[in-house]
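Given the coordinates of chain H, assemble chain R onto it according to the supplied hints.
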Amino acid sequence: MQKYNLAVASGELPDFMETVPLQVYSDLLENDLLEDITDVYEEAASQEWIKDPLSFGGGVAWRLAEVNGRKMGFPYIEQAAQNDKVMWLREDWLEAVGMGAPTTVEELHAVASAFKNADLGQGGDGTTLGLVACNTLDAWYGSLDPVFGAWGVMPGSWTPDANGDLEYNSVRPEIKEVLSVLRDWYAEGLFAQDFFTLRPGQTAFAHVGANVVGLHFSPAFAAVFGLPDSVANESEARWTFADIPAGPTGIKKKSWSNPVPNTVYCFRKGFEHVDLVLKQIGWWAELMQNPANRYHGWEGTDYFWNGDELDLNGYDSSKHFFGPPGTNGGSRTDPFFEANSIKYRQAEWPNTPEDQRDAIMDAFLGKDPLSQLWDQANVFAIDRWEHDGIRNHFTTLPTETMKRAGTSLDGLEQETLFNIIIGQEPLDRFDSFVEEWRSGGGDRITGEVNEWYHGS
Amino acid sequence: MIAGQTKRHEPLRAYMRRSWPLYAMILPGLLFILLFRYLPMYGVIIAFQDFSPARGFAASRWVGFDNFDFLFSLPEFSRILGNTVIIAVLKLALDQLGAIVLALLINEARNLVFRRSIQTLIYLPHFLSWIVLGGILLDILSPFGIVNNLVRALGQEPQLFLGSNDWFRITIVGSSLWKGVGFSTVVYLAALTAISPTLQEAAAIDGAGRFRRIWHIILPGIRPTIVLLAALSLGDVLQAGFEQILTLYSPAVYRTGDIIDTYVYRVGLVSAQYSLAGAVGLFKSVIGFVLIVASYWLADRYAGYRIL
Chain H
1 MQKYNLAVAS
11 GELPDFMETV
21 PLQVYSDLLE
31 NDLLEDITDV
41 YEEAASQEWI
51 KDPLSFGGGV
61 AWRLAEVNGR
71 KMGFPYIEQA
81 AQNDKVMWLR
91 EDWLEAVGMG
101 APTTVEELHA
111 VASAFKNADL
121 GQGGDGTTLG
131 LVACNTLDAW
141 YGSLDPVFGA
151 WGVMPGSWTP
161 DANGDLEYNS
171 VRPEIKEVLS
181 VLRDWYAEGL
191 FAQDFFTLRP
201 GQTAFAHVGA
211 NVVGLHFSPA
221 FAAVFGLPDS
231 VANESEARWT
241 FADIPAGPTG
251 IKKKSWSNPV
261 PNTVYCFRKG
271 FEHVDLVLKQ
281 IGWWAELMQN
291 PANRYHGWEG
301 TDYFWNGDEL
311 DLNGYDSSKH
321 FFGPPGTNGG
331 SRTDPFFEAN
341 SIKYRQAEWP
351 NTPEDQRDAI
361 MDAFLGKDPL
371 SQLWDQANVF
381 AIDRWEHDGI
391 RNHFTTLPTE
401 TMKRAGTSLD
411 GLEQETLFNI
421 IIGQEPLDRF
431 DSFVEEWRSG
441 GGDRITGEVN
451 EWYHGS
Chain R
1001 MIAGQTKRHE
1011 PLRAYMRRSW
1021 PLYAMILPGL
1031 LFILLFRYLP
1041 MYGVIIAFQD
1051 FSPARGFAAS
1061 RWVGFDNFDF
1071 LFSLPEFSRI
1081 LGNTVIIAVL
1091 KLALDQLGAI
1101 VLALLINEAR
1111 NLVFRRSIQT
1121 LIYLPHFLSW
1131 IVLGGILLDI
1141 LSPFGIVNNL
1151 VRALGQEPQL
1161 FLGSNDWFRI
1171 TIVGSSLWKG
1181 VGFSTVVYLA
1191 ALTAISPTLQ
1201 EAAAIDGAGR
1211 FRRIWHIILP
1221 GIRPTIVLLA
1231 ALSLGDVLQA
1241 GFEQILTLYS
1251 PAVYRTGDII
1261 DTYVYRVGLV
1271 SAQYSLAGAV
1281 GLFKSVIGFV
1291 LIVASYWLAD
1301 RYAGYRIL
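Protein sequences appear in the order of chains H and R. To convert, note that position 193 of the first sequence is 193 in my numbering; the numbers rise steadily by one, no gaps. To convert, note that position 4 of the second sequence is 1004 in my numbering; the numbers rise steadily by one, no gaps.
Do not take every clue at face value.
[As the list claims (entries may be wrong)] Here are some of the chain H residues that sit facing chain R, going by a computed Cβ distance under 7 Å:
#1 Asn5
#2 Val8
#3 Ser26
#4 Asp27
#5 Leu28
#6 Glu107
#7 His109
#8 Ser113
#9 Thr127
#10 Gln193
#11 Gly411
#12 Gln414
#13 Phe418
#14 Asn419
By construction, these hints were calculated from the structure, which means they are not laboratory data. Remember, it's a predicted structure, so these values are computed and weren't measured experimentally. Where is the CB? At the ideal position from N, CA and C, for every residue including glycine.
Bound conformation, chain H alone:
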C-alpha cells in the first residue's frame, strides 16, 4: 500500500499494477490516472480462458473493476472457499470417548466437554481444551464463525433483513443468544483461559500443534498448517474433518470467503500494451486451466527434477508469490480451478489407463495422508460454499461515518463481546451496547450502507 502511494505521489505509476488496494484504486480513479481497458479487452482477451471464466456468478468478478460500464481494471480472483471452515476432529479422541462427530451445537458441546474431561491432551494435567477460539470471532483459523452461523448471524457482517435492507449482524438479538452459550463454555473451561489474547495463527501452534485440543473450526488448509505440527508432536494423532454442526433451529451456516476481494489489477493511463498483458493473462490461464494439460503440473511450479528424481516439494515457491494473474502468485480467472483440479485427481485419474499416466500425477496422488486430507476437505468446503456461507453484502469502501466513528464502534464491539464471553461483563451488557452502538453512529452507518446497497 505504501509502495503504491509512493509511486502515485511521485507521479511515476508503473504500467501494470497488481493487487491494488481498494483505497488506492478509488483514489487513482478519482484522479483519472487509470487506463480504460473496455475496448482492448473486447478485442484482445481470450473468450475461452478469460471472458468465459470471468462471467461466473452473474458477473460478480467485475464488481470493482467495472465502473459505470467501463472496465477500469482487471479483476483479482481467489479460489472458491479459500477460508471456509470445516470441523476438524481428532478421530482417535472420538474413539477414546466413544462418540461420533457432532452434528448439532449441543453435540459439539458434549464432545468438547468429553475431550476436556477425559484430559486426552499432551500438555500437563488439566490442560486439555474443548474447542479452539482466538482474538477474532470470525477468524481465518480456530474460528467460532460456525457457532454464530448456527444462529444465522455473523459478527461484523452486513446481511439483508426481512425487508431487504442490510442489517449489521453484531447488534442482532441472536448474537446475545450465542454469547450466552459461549460464556457458559468459557466458564466451563472449554476455551483456553487466555484465548482472546491469541491471534488466529498462534492457535495453530499453541493449541492444535501442541495437541491440547481435538476440535477446531479451520479452513481445509489446516491439514498443512497446524495439523502437521500435531502429528509431528504425537505420531498417533489421527485427524479427520466433518461438516459444521447445526444450531437449535437447524440452521447450519458459516462465514463465506469472497472470491472477488477488495483489490484490483490496474493499468497506467496511456499504457500502450494492455493487449499484450491480456494475452499473457490468457496464456497463463490456459496453461493452468485447460483440462488437456493442467493436471500434469508445471516444472518449476509444481515440481522440479532433482537429477533423475521427481521432487514435489523442493522448488522455491517464493519465486511464484508475485506475478501476473494466472501464475501461482497471481489469481486465476476461474475460482473453481483448484476444485476441478482436485476432483479430477480424485475421480478421473485412477480411471486413466496405466500407459497414459504420468509420473507427476501419480506422485501427487501418492502424497502424504495430510495432503490427501487437504484435498478432500478442500472439495468438501467448495461443494458447500454456495449454500452454507453467510455473505457480507457490504463490499465497498467505508462510508463517511464509518471513517469517522468506525474505529470507535468497532472497539466498543470487540471490547463488549469478548468481555461478555469471559464473564467480565454481565450478559445484559449486550443490550446497552446495542444502544450505544446505534446512537454512537451505528444508525447513521446503517443508513449510509443501505443507500449504497440500494443504489448499486
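Just chain R, lined up with the frame of chain H:
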C-alpha cells in the same frame, strides 16, 4: 567557551582561516539533520489537509483543524490519552529509578568478570524486537506458562497477566523495564566512572560507610546525568510504546491498555487516513516539545544544568 574568548581577540577572518576544518567537519552532520530532520517537516502540512496521494501535497484539499477536532472529539480520547500518559510516565520513572539502582549495585560489585557479564546480560533484551519478545511473553505469561506455574506452586490463583485490566499495565511496564533498563544502566555506569576514586577513598578514611558514600559522593556526582536523562525523557511522555502494546494487547484490555498510537493504527485499518495520523504525530511532537523546553528550563534553574 574557549572559542568565544578567542573570537574577542582576533578578527573573524583570521579565526575562520584557522578553524575552518572544524566547521567543515560539522557540515555533513548539519546537512544530514537539515535533509532528513528538518526538510521532511514540510510533510506536517498533511495534518491540515484531506491528503490524497494521487493529488499530492500541493493539490490536496485544506481542512484547517478538522483532523485535530476529530481526534479531540473521539469518545475515547480521554481514555486513550490517560492510558498513554499513565503507561509512559510509569515506564519513564521506573526505567530511570531501576537504572540508577542497578548501576549503583553493579558499580559496588568487586569482581570484574561478574560486573561485565551482568552488564551484558541486562543489556541483552534491548536488542530483541517487540515482535519476538511479544511471542515469548505471550508464552511465559499464558495460563499454563512458566510464571503462572510458579504462581500455582506458591499456592496462589493463576492470573491473566495480558488479559485482565488489573494486570495489563503492570505487565506492560514490567516487561518494558526488563527490556530497556539495561541501556539506561550503561549510561549511568559510564557517568559513575567519572567520579574520582580519591573522593571515595577520602570519604572512606573519614569513616563513611557504603551507603553514606553513595548518598554524599556518588549520587551528587551523577546528578547532572540524572537530570539530563530525566529532562530528555520528558519529551517521551506520549510515547507509551506502540509496538509493545500492539503485540500484547487484546480487545478485553482496551480500557486500560489502548493508547493513542494503537487507536490511530486501528483507524488506519478502517481506511487509510494519512492526515489523521499526521495530526496525531504533530500533536505528540508539540506536547513533547513543550515538555522538553520546560524540563530544560527546570533543569537549568534547579540543577544548574545547561547544554550550552
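Now for the hints, and whether the structure bears them out:
Look at asparagine 5/H: its Cβ gets to within about 4 Å of chain R, closer than 7 Å, so that hint holds up. At about 4 Å, the closest approach between the beta carbon of valine 8/H and any beta carbon in chain R falls short of 7 Å, and the interface hint on this residue holds. Using the Cβ-Cβ criterion of 7 Å, the hint placing serine 26/H at the interface with chain R is not satisfied: the shortest such distance is roughly 10 Å. Using the Cβ-Cβ criterion of 7 Å, the hint placing aspartate 27/H at the interface with chain R is satisfied: the shortest such distance is roughly 5 Å.
Interface restraint check: leucine 28/H against chain R, minimum CB-CB distance 6 Å, threshold 7 Å, status holds. Proximity of glutamate 107/H to chain R is violated relative to the hint, the smallest CB-CB distance being about 27 Å (cut-off 7 Å). Contact between histidine 109/H and chain R, as hinted, is not supported at the beta carbon level, the nearest pair being about 21 Å apart and thus beyond 7 Å. About 19 Å separates the beta-carbon of serine 113/H from the nearest beta-carbon of chain R, more than 7 Å, and the hint is not met.
A least Cβ separation of about 5 Å between threonine 127/H and chain R falls short of the 7 Å threshold, and the interface hint therefore holds. At its closest, the beta carbon of glutamine 193/H sits 4 Å from a beta carbon of chain R; the interface hint therefore holds under the 7 Å criterion. Given hint, glycine 411/H at the interface with chain R, holds; its Cβ is 6 Å from that chain's nearest Cβ, closer than 7 Å. Taken as an interface hint, glutamine 414/H checks out: its beta carbon lies about 3 Å from the nearest beta carbon of chain R, inside 7 Å.
Interface restraint check for phenylalanine 418/H: the shortest CB-CB distance to chain R comes to about 5 Å, inside 7 Å, so the restraint holds. A distance limit of 7 Å between C-beta atoms decides the matter here; for asparagine 419/H the minimum to chain R is near 6 Å, and the interface restraint holds.
Going down the numbered hints, you'll see the structure goes against 3, 6, 7, 8, while the others check out.
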